[in-house]
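Visitor: Chain residues, written in single-letter form:
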Amino acid sequence: MLKRTTLYSAHQQLAAKLIDFGGWEMPVQYTSITDEHLAVRNAAGIFDISHMGEVTVSGAGAEGFLNSVLTNDIGKLAAGQGQYTLMCHPGGGAIDDLYAYQLSEGVYFLIINASRIEADIAWLQAQAAKFSGELKLTDASHQYAAIAVQGPRVKEFINAVIPGASISAKRVAAVTDLKKNEIGGFKYEKGALLVARTGYTGEDGFEIVGSDESILQVWNNVLKLGQSFGLKPAGLGARDTLRTEVCYPLYGHELNENTTPIEAGLGFFVSLDKGDFSGRSVLAQQKANGMKRKLAAFKMTDKSAPPRPHYPIWANGVAVGEVVSGTQSPSLNLGIGMGYVPPEFAKPDTKIEIEIRGNRFAAVVVPKPIFRK
Amino acid sequence: MSNIPSDLKYAKTHEWVRVSGDAATVGITDHAQHELTDIVFVELPAVGRKVKVGEACAVVESVKTASDIYSPVSGEIIEVNPTAVNNPALVNTEPHTGGWFYKIKLGNAAELNALLSPDDYRKQIGG
Numbered sequence: 001m002l003k004r005t006t007l008y009s010a011h012q013q014l015a016a017k018l019i020d021f022g023g024w025e026m027p028v029q030y031t032s033i034t035d036e037h038l039a040v041r042n043a044a045g046i047f048d049i050s051h052m053g054e055v056t057v058s059g060a061g062a063e064g065f066l067n068s069v070l071t072n073d074i075g076k077l078a079a080g081q082g083q084y085t086l087m088c089h090p091g092g093g094a095i096d097d098l099y100a101y102q103l104s105e106g107v108y109f110l111i112i113n114a115s116r117i118e119a120d121i122a123w124l125q126a127q128a129a130k131f132s133g134e135l136k137l138t139d140a141s142h143q144y145a146a147i148a149v150q151g152p153r154v155k156e157f158i159n160a161v162i163p164g165a166s167i168s169a170k171r172v173a174a175v176t177d178l179k180k181n182e183i184g185g186f187k188y189e190k191g192a193l194l195v196a197r198t199g200y201t202g203e204d205g206f207e208i209v210g211s212d213e214s215i216l217q218v219w220n221n222v223l224k225l226g227q228s229f230g231l232k233p234a235g236l237g238a239r240d241t242l243r244t245e246v247c248y249p250l251y252g253h254e255l256n257e258n259t260t261p262i263e264a265g266l267g268f269f270v271s272l273d274k275g276d277f278s279g280r281s282v283l284a285q286q287k288a289n290g291m292k293r294k295l296a297a298f299k300m301t302d303k304s305a306p307p308r309p310h311y312p313i314w315a316n317g318v319a320v321g322e323v324v325s326g327t328q329s330p331s332l333n334l335g336i337g338m339g340y341v342p343p344e345f346a347k348p349d350t351k352i353e354i355e356i357r358g359n360r361f362a363a364v365v366v367p368k369p370i371f372r373k
Numbered sequence: 001m002s003n004i005p006s007d008l009k010y011a012k013t014h015e016w017v018r019v020s021g022d023a024a025t026v027g028i029t030d031h032a033q034h035e036l037t038d039i040v041f042v043e044l045p046a047v048g049r050k051v052k053v054g055e056a057c058a059v060v061e062s063v064k065t066a067s068d069i070y071s072p073v074s075g076e077i078i079e080v081n082p083t084a085v086n087n088p089a090l091v092n093t094e095p096h097t098g099g100w101f102y103k104i105k106l107g108n109a110a111e112l113n114a115l116l117s118p119d120d121y122r123k124q125i126g127g
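In the order they appear, the protein sequences are chains A and B.
Residues in the first sequence are numbered from 1 upward in steps of one, following the numbering used here.
Residues in the second sequence are numbered from 1 upward in steps of one, following the numbering used here.
Hint data in this document are derived by calculation from the structure and do not stem from the laboratory.
Please note that the accuracy of each hint is not assured.
Below, simulated DSS-like cross-link-like pairs (lysine-lysine); rule was C-alpha separation at most 27 Å, straight line [unchecked claim]:
1) A:K136 x A:K155
2) A:K187 x A:K155
3) A:K224 x A:K299
4) A:K130 x A:K76
5) A:K292 x A:K368
6) B:K123 x A:K17
7) A:K303 x B:K50
8) A:K347 x A:K373
9) A:K179 x A:K299
10) A:K130 x A:K179
11) B:K103 x A:K17
12) A:K303 x B:K12
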């Protein structure tokens, strides 16, 4: 029996095509992946992300604890700020990538991948058991639903959806006064919301977390108020093409327990100077001495079928790596992807080939992001 | 509700066949294109290739997935549709006409009897 979010009946009403996503019955598309993708790039889209997980961490020891398990420096955050970060096991491999927010002094909120909720909680609880400071850690995933509203026109209507000033975390007069990575608490009829100016699409937008009832209410209000701005509901299919175009990693593809943030090109989010944390020694060694494999973004240069995960990557007539994410880019109208290759083949302008059903097609390594406006 | 032209025969795997003498034209149905949406790539067999009924002989790729096309009849490929290759979206908009895939010289006309009638295909897809 697949799990359903509070928005399941909304997806049914919109005649969404539903699929099994990691045990959740989720919309892959409502009309067409291409239409939904382009709506987000040109106007606005709304995504159900209620399957994602949430963790609350509080106490005098919270900052120290989080800095011992996360790669980025949580000490950089003031109240109402968030950061992208990763959690690694001692060998340096990624357990998950996530967003960490400081809501107020000593109170933190983590948003984690749906597919990693169990693994993350098990890891965090095991580390917390060894931690000798005042710490309260709670898996809050069942308490919250969430949506993402993304696109250049979102800022034109979001204040009408969630009116008024924030009442907690980052204090702002209106939702659109939140800067990138800031998070504010807002009153809402059916229950308070946390609104963060973050997203997974490469566009401006907000991720909104709240109770089942309040998120259902926000969903309906966004659909109503956003329609005249070109807003469309968007599914996981568009979510994947959008994030691939801007080279955001998807756990299970660019990241897994055998891949480090350094190999994935995420060294910017690894703070080696803040003190010790799980995985630090391996990551420091990779930053200093290099790594055996590196994530490269590429575009097809031959007319071909789209590249897909697991397709072999060739260079100089030898199979050297594998695609981890690939698709036909709706914005660029050609095949794009990311894959792991030896570092010498990861430099932009390197000519590579992608093997598709036994034949090889030309591609070129490009800098990230693959798509930019 | 899918469009199911009455002059075609259908395979369970959502290919259609339009018979003309000892040859036939093959494509994918309106139901199939609707399930795939956003067709971005079509790979067709080479002219001259001999295929057996049920053999995977073409590929249709949507944004999300690659799907094999199984020949509903045996025979020799005598023509392929360059427009389907150059403009894959046509397969979504004109699946039974402009978006045809290939023409095949029938190797065994008796195979046509095993194909579904429009009514039987409609029952199969529940439309």
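Visitor: Would you mind marking each hint as holding or not holding in the structure?
Guide: Here is what the structure says about each hint:
| no. | hint | verdict |
| --- | --- | --- |
| 1 | A:K136 x A:K155 | violated (36 Å) |
| 2 | A:K187 x A:K155 | holds (19 Å) |
| 3 | A:K224 x A:K299 | violated (38 Å) |
| 4 | A:K130 x A:K76 | holds (24 Å) |
| 5 | A:K292 x A:K368 | holds (20 Å) |
| 6 | B:K123 x A:K17 | holds (21 Å) |
| 7 | A:K303 x B:K50 | holds (26 Å) |
| 8 | A:K347 x A:K373 | holds (22 Å) |
| 9 | A:K179 x A:K299 | violated (32 Å) |
| 10 | A:K130 x A:K179 | violated (36 Å) |
| 11 | B:K103 x A:K17 | violated (33 Å) |
| 12 | A:K303 x B:K12 | violated (31 Å) |
When held up to the earlier numbered hints, the structure conflicts with 1, 3, 9, 10, 11 and 12 and fits the remainder.
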